[in-house]
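Chemist: Following the hints, position chain B against chain A.
2 protein chains.
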Amino acid sequence: MFVILVYDFEQKRVGRALKTCRKYLTWVQNSVFEGEIGEANLKKLKMELNKLMDKSTDSVIIYSFQSTKYSKREVLGVSKNSQEFIL
Amino acid sequence: MFVILVYDFEQKRVGRALKTCRKYLTWVQNSVFEGEIGEANLKKLKMELNKLMDKSTDSVIIYSFQSTKYSKREVLGVSKNSQEFIL
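Which chain is which? The protein sequence lines are A and B, in order.
So my numbering is basically just the index in the first sequence, starting at one, shifted up by 342.
So my numbering is basically just the index in the second sequence, starting at one, shifted up by 342.
Among the clues, some could well be false.
Copies of one chain are not kept apart here, so a pair can be met inside one copy or by any two copies together.
[What the hints assert, rightly or not] Pairs of lysine-lysine, BS3-like flavour, derived with a Cα cap of 27 Å:
| no. | residue 1 | residue 2 |
| --- | --- | --- |
| 1 | LYS411 | LYS393 |
| 2 | LYS386 | LYS365 |
| 3 | LYS414 | LYS397 |
| 4 | LYS414 | LYS393 |
Simulated from the structure, these hints should not be mistaken for lab results.
Here chain A stands alone, though its shape is the one from the complex (with noise of 0.2 Å):
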């Protein structure tokens, strides 16, 4: 399935959540990620994350779709991550 993540972490786990989030998806901007990703891979992310999170001032935002069609994606001004999407 195709899955946008965003978050919003505290500055001391933050670099943690990026590392994390890496390992599994792209990077696309600011606390972006975007990719592809089996259900098992997505329930390992959300484990690491959960582990790493402070539930109480950290968010993070998992959008996932089954299909893509019907889908667009559109980049106005600079692209963070220069690397070709498939949606």
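Modeler: Showing chain B alone in chain A's frame:
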């Protein structure tokens, strides 16, 4: 259609970007907006952001989905915007 918008603006323009996006979408997290929006309003939002941004440093990514069938929205940790969401 359902839209997720993420931006990365230089400090001096981020206030105006926030104000502009809030006219059309719901703020959900630091530099992340989402919501249902029509074609005409999306066009207006893009025009306003294009006018406001410095295209060599600022970045906006707009993911648009004609259908939110087979999709899911999940929050880990604190939900920065307590509003209920349609996804």
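Chemist: Of all the hints numbered above, which does this structure not satisfy? Sort the numbers upward.
Modeler: Of the numbered hints, just 1 does not hold.
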